[in-house]
Amino acid sequence: MSLALDALLALALVLLALQVVTGRSLFRGIVMFVVFGVVMALVWARLGAPDLALAEAAIGAGMTGALLMLGYRRLAQHGPLRIRRRPSPGSRLAAPLGVLSMVLVAGLGASALQLPTGAGAAGRGVLQAMPELPIGNPVTAVLLVFRGYDTLLELVVLLVAMLGMRAVQGEAGPPRLRASVDARLPLVGALLSVVVPLAVLVSGYLLYAGGHAPGGAFQGAAVLAAAGVLLVLTGRLRGQAEPGWPERFGAVVGVVVFSVLGLVQHATGAGLLVMPGAWAIYLVETAMLVSIAVTLVLLFAASAGLRVGSR
Amino acid sequence: MSVVQIVASVLLCAGSAFYLAGTIGLIRFPDAHSRLHALTKADNLGLGLVCAGLALLAGSFRVAGALFVIWLLGLLAATVSCHLIARAALGRSIRPKRRPVESRATDHAGSPALTSRGDDAAGLRGGGGS
Numbered sequence: 000m001s002l003a004l005d006a007l008l009a010l011a012l013v014l015l016a017l018q019v020v021t022g023r024s025l026f027r028g029i030v031m032f033v034v035f036g037v038v039m040a041l042v043w044a045r046l047g048a049p050d051l052a053l054a055e056a057a058i059g060a061g062m063t064g065a066l067l068m069l070g071y072r073r074l075a076q077h078g079p080l081r082i083r084r085r086p087s088p089g090s091r092l093a094a095p096l097g098v099l100s101m102v103l104v105a106g107l108g109a110s111a112l113q114l115p116t117g118a119g120a121a122g123r124g125v126l127q128a129m130p131e132l133p134i135g136n137p138v139t140a141v142l143l144v145f146r147g148y149d150t151l152l153e154l155v156v157l158l159v160a161m162l163g164m165r166a167v168q169g170e171a172g173p174p175r176l177r178a179s180v181d182a183r184l185p186l187v188g189a190l191l192s193v194v195v196p197l198a199v200l201v202s203g204y205l206l207y208a209g210g211h212a213p214g215g216a217f218q219g220a221a222v223l224a225a226a227g228v229l230l231v232l233t234g235r236l237r238g239q240a241e242p243g244w245p246e247r248f249g250a251v252v253g254v255v256v257f258s259v260l261g262l263v264q265h266a267t268g269a270g271l272l273v274m275p276g277a278w279a280i281y282l283v284e285t286a287m288l289v290s291i292a293v294t295l296v297l298l299f300a301a302s303a304g305l306r307v308g309s310r
Numbered sequence: 000m001s002v003v004q005i006v007a008s009v010l011l012c013a014g015s016a017f018y019l020a021g022t023i024g025l026i027r028f029p030d031a032h033s034r035l036h037a038l039t040k041a042d043n044l045g046l047g048l049v050c051a052g053l054a055l056l057a058g059s060f061r062v063a064g065a066l067f068v069i070w071l072l073g074l075l076a077a078t079v080s081c082h083l084i085a086r087a088a089l090g091r092s093i094r095p096k097r098r099p100v101e102s103r104a105t106d107h108a109g110s111p112a113l114t115s116r117g118d119d120a121a122g123l124r125g126g127g128g129s
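Each protein sequence line maps, in turn, to chains S and U. Quick note on numbering that gives the first Met the number 0: the first sequence kicks off at 0 and runs consecutively. Quick note on numbering that gives the first Met the number 0: the second sequence kicks off at 0 and runs consecutively.
Just so you know, the hints here were simulated from the structure itself, not pulled from any lab data. It cannot be assumed that every hint is accurate.
[Claimed, not checked] Each pair of labels, with its calculated beta carbon distance range:
#1 R72/S <-> M0/U: 45 to 55 Å
#2 L152/S <-> M0/U: 49 to 59 Å
#3 A189/S <-> P29/U: 44 to 54 Å
#4 L19/U <-> P173/S: 35 to 45 Å
#5 F26/S <-> P29/U: 15 to 25 Å
#6 A269/S <-> F60/U: 38 to 48 Å
#7 P29/U <-> Q113/S: 52 to 62 Å
#8 L4/S <-> I69/U: 15 to 25 Å
#9 M0/U <-> P275/S: 48 to 58 Å
#10 L12/S <-> F60/U: 18 to 28 Å
#11 I69/U <-> G268/S: 42 to 52 Å
#12 A120/S <-> I69/U: 33 to 43 Å
This structure is a prediction, so every number in the text was calculated from the model and none was measured. Glycine is no exception: its CB is placed at the ideal position from the N, C-alpha and C atoms.
Using the sequences and the hints given, assemble the complete structure.
What follows is the structure, encoded as structure tokens:
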């Protein structure tokens with residue numbers, strides 16, 4: 000029974016991936032990409048990786064889908080004719096690229112089967128070291144204790160992505176899209192007044208839970224950013240060219256807190272990026288949550304700053 | 000199998016049936032408004048039944064409470080998004096179709112166009128045989 004379910008999920012994943020790249024229209028491709036993300040989250044959950052399932056559902060399907068939809072709206076606004084046709088030069092390369100990807104996936108899978116699983120494997124090392132650590136979730140331990148350098152650089156990548164967006168779009172930013180939904184509609188106001196506080200609560204819980212159970216800064220930030228996206232879509236928050244201090248602070252606080260703490264530990268002789276205790280891990284995670292959420296909302300609003308929208 | 004498990008299975012099956020009905024409605028109904036009607040009504044009840052079945056199986060008030068909140072959030076999201084999609088459809092002057100599907104189907108079956116096509120086909124076959 001469970002084998003049938005797994006086979007169904009794997010088949011659905013392959014068919015959805017095909018639909019994403021061969022769909023008749025761009026819009027259909029985007030919708031299929033979001034569905035692909037949801038099924039992928041189910042697959043991660045079946046594989047016993049709830050952290051990845053949460054991240055895939057929130058970031059892979061939710062935030063990326065919202066960004067792709069926004070890109071589609073801008074394309075449709077600027078050239079309605081261009082999005083109808085599929086680009087021909089790319090599609091000629093599609094078949095060879097697909098075959099190459101298949102070979103790559105098969106090779107990676109074959110080499111993954113030959114990875115050491117004995118005492119020398121990194122995963123076992125982490126699990127053996129867990130009792131000495133102040134937190135109980137091995138995934139958070141890998142992200143902040145064993146591979147803190149990678150996580151810090153991921154934050155830098157997000158920051159660079161936002162700066163890159165600023166560099167491409169210039170000072171004034173792109174022409175503003177009108178709010179898709181009027182926040183004055185009674186149902187929309189009711190939805191916002193329930194969902195936004197709940198999203199803040201859930202993201203705080205995910206951050207706290209990350210210490211001992213699936214969760215953490217990335218998942219919490221994606222939930223918080225989803226609330227921000229709702230506020231942008233309904234016009235309660237609007238983009239503006241000049242960022243205020245909260246946006247500037249929010250965008251860099253993760254990188255600053257993480258690197259200052261790591262450098263202080265280096266200066267006192269404990270080692271670069273070594274976490275001195277559970278409080279440091281929660282501090283860094285909180286700063287990361289704020290940074291990731293603010294950066295994602297700014298990317299969605301396609302602007303450097305945000306202001307409260309006027310009625 | 001205990002009584003609780005049997006009741007939970009019945010609830011889960013009933014929920015799945017509602018999801019199936021809603022999905023068939025989404026695919027088969029003629030216009031945006033009736034599709035929304037099929038999807039939101041059937042799926043809201045389906046989600047509620049599935050959540051009730053899972054809560055019975057979980058056997059803890061904490062999980063049951065979480066499932067109840069999930070159902071409420073699903074109701075809220077489905078209601079508001081249905082309202083917005085229907086508004087957007089009306090804004091693009093997509094009106095609900097007046098006549099139900101069945102009456103159209105019987106109209107077509109009795110229409111002269113269809114019978115004449117049948118006659119043509121019979122004539123062709125007759126020509127080939129002679």
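Hint check results:
| no. | hint | result |
| --- | --- | --- |
| 1 | R72/S <-> M0/U: 45 to 55 Å | holds (52 Å) |
| 2 | L152/S <-> M0/U: 49 to 59 Å | holds (53 Å) |
| 3 | A189/S <-> P29/U: 44 to 54 Å | violated (31 Å) |
| 4 | L19/U <-> P173/S: 35 to 45 Å | holds (43 Å) |
| 5 | F26/S <-> P29/U: 15 to 25 Å | holds (21 Å) |
| 6 | A269/S <-> F60/U: 38 to 48 Å | holds (45 Å) |
| 7 | P29/U <-> Q113/S: 52 to 62 Å | holds (56 Å) |
| 8 | L4/S <-> I69/U: 15 to 25 Å | holds (21 Å) |
| 9 | M0/U <-> P275/S: 48 to 58 Å | holds (54 Å) |
| 10 | L12/S <-> F60/U: 18 to 28 Å | violated (36 Å) |
| 11 | I69/U <-> G268/S: 42 to 52 Å | holds (49 Å) |
| 12 | A120/S <-> I69/U: 33 to 43 Å | holds (37 Å) |
Checked against the numbered hints given earlier, this structure breaks hints 3, 10; the rest are met.
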